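So you can see what is in the structure, the chains are spelled out below.
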Amino acid sequence: MTVSEISRLFFADGWLQALAQGTVRTLGISLGAFVLGLAIGLIVAMVKLKGPRWMVICANCYTTLYRAVPELLLILLLYYAGADLINLTMAALGQPSVEINGFMAAVVVLGIVQGAYSGEIIRGAIESIPHGQIEAARAYGINRSLLVRRVILPTMLPFAIAGLSNLWLVLVKESALISVVGYSELLTAGRQAAASTKHYLLFYLAVAAFYYLITLVSSSVFRQVEVRFERWMPRHT
Amino acid sequence: MKKTLLVTLQACLLAGIASSAFAADKLVFGIALEPYPPFSFKSGKGDWSGFEPEMITAVCARMKADCTLNEMSWDGLIPALKSQQVDVVLNSLSITPERQQVIDFTQPYFFTRALWIGDRSMELDPTPAGLKGKIIGVQGSTTHSAFVKKYYGETSTIRYYNDQDDILADLRSGRVDIMLADQLVVEPLLEKPDNSMLASKGVAPLDPLFGDGVGAGVRKGNDALRERLNVALQSLRDDGSYEKIRERYFKTDITTLK
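Protein chains in written order, with my numbering: chain G, 366 to 602; chain L, 37 to 294.
No wet-lab data here; the hints were simulated from the structure.
Predicted, not measured: the structure shown is a model, and the values here were computed from it.
We put the beta carbon where it would ideally sit given N, CA and C, even for glycine.
Hints should not be assumed to be uniformly reliable.
[To be verified] What the simulated footprint calls covered on chain G by chain L, stretch by stretch (three residues with Cβ under 8 angstroms from a Cβ of chain L suffice, anywhere in the stretch; the number is not a length):
(1) 381–395
(2) 443–451
(3) 497–509
(4) 533–547
(5) 553–565
[Said to hold, decoys possible] Below, simulated DSS-like cross-link-like pairs (lysine-lysine); rule was C-alpha separation at most 27 angstroms, straight line:
(6) Lys-118/L / Lys-62/L
(7) Lys-280/L / Lys-228/L
(8) Lys-563/G / Lys-81/L
(9) Lys-186/L / Lys-170/L
(10) Lys-280/L / Lys-81/L
(11) Lys-538/G / Lys-256/L
(12) Lys-563/G / Lys-538/G
(13) Lys-563/G / Lys-228/L
(14) Lys-118/L / Lys-287/L
(15) Lys-287/L / Lys-563/G
(16) Lys-100/L / Lys-62/L
In isolation and in its complexed conformation, chain L is listed as follows (with noise of 0.2 angstroms):
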């Protein structure tokens, strides 16, 4: 154990020292501490997998970057990418107007469409009619929570939640009676035998509050690394590394709406 923990703090020392001493540039990237798969998630010995990650460490290799990722709630992000502890937030973040009055995007890497999960044995109608009076959970500061605060308001009970993870718990045990979430997160947590009394209940239609795709956030002004982050991820997407990451995560493409 000592002996590991010698080897763990020696191998912290010199990646400090080599990057101190051959840093092009250091990016710190925020990203979201909840299980948010297959866009990422963390294991027990504290590294990061998922598509998102992936892509951050191609888009700083194409970068020549020093990248780290400093973990928070997802809603401390964009006052985090504001008050300068992040420099990009590449975290599953829809590019929406309302974003865009505080920070800056790139261009879209991906898009989503938002899916409507309930139990199984319910029938539901998922349009404001269809769920008055019902309880509806949502993750919140997501294009969901704002689109269902916009047309369910008045009639239904919105729950808004930290992670996405607790919304499905509380629609498992009863608490919630629907749920709006990303299509591609939660479409294949479906097929997983806990969730096997839960099933999707329709897609939620288009809607300009859940933006437009799916960027990188950077401060507002911030031009040089918005310009830098774009070349990048136009480089991913013509030599196909893009298309190798995605492959890993989705089955199906996800560079335009289905």
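One chain only, chain G, in its complex shape (with noise of 0.2 angstroms):
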């Protein structure tokens, strides 16, 4: 294959520009599947540490199935069965049908897993805070939202950085699993590609590069957030 070839493939043909459109939306999957998953982790860690009794057995409950049933499963179950669920509901209540596109499905799923682990990680940060800090917190006579906006939070946070980014990184590429329900996100526009020119491989390592290119763009972005983070932390070297 020559050089002109391929710039045909991909500048002529318009390749490239499905791949970019592709990588937008995959992106787009997991912003707001992390964001999401962020919300929904730390209301679950939250609950974890402070909660009544009924509501940790309840989050318990929902971080051990999360994580125990695959993605996939809770992707077709949504897709399929949830919108014909949530449309009869609206039925029932005389409200219009609510249509859930490919880019819902794969938010709310992801969101809902990432949620799962991210619950997890965030419990665990704030159970590594060293305990006097929160103590001496409270003796200075601190309400409860401001104890966790100002202390419990900001000093949680490096321990959980590196937990969080791992899972974004994960996030990335789960969100290739949507394909199957034929959106189409990076992974998807590259089938297409690939299977419309026939050019396997030539689109299937292009498509890798992609991925490769947001983990090496988001480690870096992570990398400063860290360092942003951690310039409280002690340093042990």
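Using the hints, put the two standalone chains together into the complex.
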């Protein structure tokens, strides 16, 4: 295969643009799911540490269940069975039907699964905060929400950030699972390109390169974040 | 780059305003996101072409409807129709009694037979006895898979695939021995140089499982839309527009069974 042929496939035929659009969608899914997962994870961690007994049991069930069931199965469940169920409920309530598109299904499912994992990471991180710090804050008469915002969250983050950046990288790759319902994220775009042009090797390698690029960029972003959050941590040399 | 983005954005916005202002009525057509030439295939730039996207455009022009395409996987089309994510599936959907239990169909707009494809050098007799112990590849949720499952399920191994392109790839690499697929789709593909090792192994016999032609599917009970589609399809037939589209993609008449 010559360079001119490759450039024709990527530029004149527009497949590079298709892959780039797929990348944007993959990033969109991953970001949405990551934010949703963090929100759920934070709530779950708080419940597990301080909540009433029945809520702790619920939270434990949630983390066990969603870490046990394959994400692929959850996507199929939400996309096909879930859409029916939601629309039946909406119809019963006299509301117009809602559309569950691939993007939403991916964000919701991956976000819920991420919540289960990040909940455990955040819980572990909060538990590693030296108890004296929280006691000291209480001694000043700080109220609960301020305690969470000013003491627990900032001191927990250095312990959690490595685990969370790992989760993000796994999440970017798991977003490819939504290709099963034909939503054109990066992997589907690559498959489409490969199958249409019959240049399987070229396009699958290009897709791999795109994923690698995402990982490379996000690693460096996380490194910056990590440096910022850990600036008060004692250095072990 | 920035400028192109801006222009595209403006165009999208304008189109959005225009369509919401003059929307006669909006119809969403479901289409399988896989290369299925000559019926439907998508270019790198993102536009669809093929017999069926052209038929959709023509039908929509006749119905004066504002139509959009919703891409999904082939086996998700009927669930999407049922859960109201799409209104019509005009995408090589054969009219079978099994499908008629869950959705309604318009009149058929083309007919096709099923063709066996196998390795050129391999002697294959596509009868249940002849394919005993062989591996058959078919696309899942198709009439071909229903046919193969009924007559060959006991004696042959059946592999189900998500799209047809994967079966061809596995057939070339020898992971399946024979495949059953739509004649109108695979026959032109046999002429492609990468499929030179493959050859036709004969047309499958007529069977009720293959259905009675290919029609557009609508939600059960949506008779108004079904009638409008029928009228539009008939008027395309009557004034020769159908033939004009057909000639661009098929050499032979596809309105009757050969």
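Hint check results:
1. Requiring three or more residues with a Cβ within less than 8 angstroms of a Cβ of chain L, the coverage given for the stretch 381–395 of chain G holds, as 4 such residues are present.
2. Chain L is given as covering the stretch 443–451 of chain G, and this holds because 4 residues of the stretch bring a CB closer than 8 angstroms to a CB of that chain, at least three being needed.
3. Counting residues of the stretch 497–509 of chain G whose C-beta lies closer than 8 angstroms to any C-beta of chain L gives 0; at least three are required, and the coverage claim is violated.
4. Given a C-beta distance limit of less than 8 angstroms, the hint that chain L covers the stretch 533–547 of chain G holds, as 3 residues qualify and 3 suffice.
5. For the stretch 553–565 of chain G, the proposed coverage by chain L is satisfied: 7 residues have a C-beta within less than 8 angstroms of a C-beta in that chain, meeting the threshold of three.
6. Between Lys-118/L and Lys-62/L, the direct Cα distance comes to roughly 17 angstroms. Compliance with the 27 angstroms bound is thereby established for this hinted pair.
7. Taking the CA atoms of Lys-280/L and Lys-228/L, the gap is near 25 angstroms; set against the 27 angstroms cutoff, the hint holds.
8. The straight-line distance between the Cα atoms of Lys-563/G and Lys-81/L is roughly 17 angstroms, inside the 27 angstroms bound, and the hint therefore holds.
9. Pair hint Lys-186/L plus Lys-170/L holds up; C-alpha atoms about 15 angstroms apart against a cutoff of 27 angstroms.
10. About 25 angstroms separates the Cα atoms of Lys-280/L and Lys-81/L, which keeps this hinted pair within 27 angstroms; it holds.
11. Distance restraint check for Lys-538/G and Lys-256/L: the Cα-Cα separation of roughly 38 angstroms exceeds the 27 angstroms cut-off, and the hinted pair is therefore not satisfied.
12. A distance of roughly 24 angstroms separates the Cα atoms of Lys-563/G and Lys-538/G; the hinted pair therefore holds under the 27 angstroms criterion.
13. Among the hinted pairs, Lys-563/G with Lys-228/L is consistent with the structure: their alpha-carbon atoms are about 11 angstroms apart, no more than 27 angstroms.
14. Between Lys-118/L and Lys-287/L the CA atoms are separated by roughly 35 angstroms; this puts the pair beyond 27 angstroms, and the hint is violated.
15. Restraint check for Lys-287/L and Lys-563/G: the C-alpha separation of about 24 angstroms stays at or below 27 angstroms, so the hint holds.
16. With a C-alpha separation of about 10 angstroms, the suggested pairing of Lys-100/L with Lys-62/L holds against the 27 angstroms cut-off.
The structure is inconsistent with the numbered hints 3, 11 and 14, although it conforms to all the rest.
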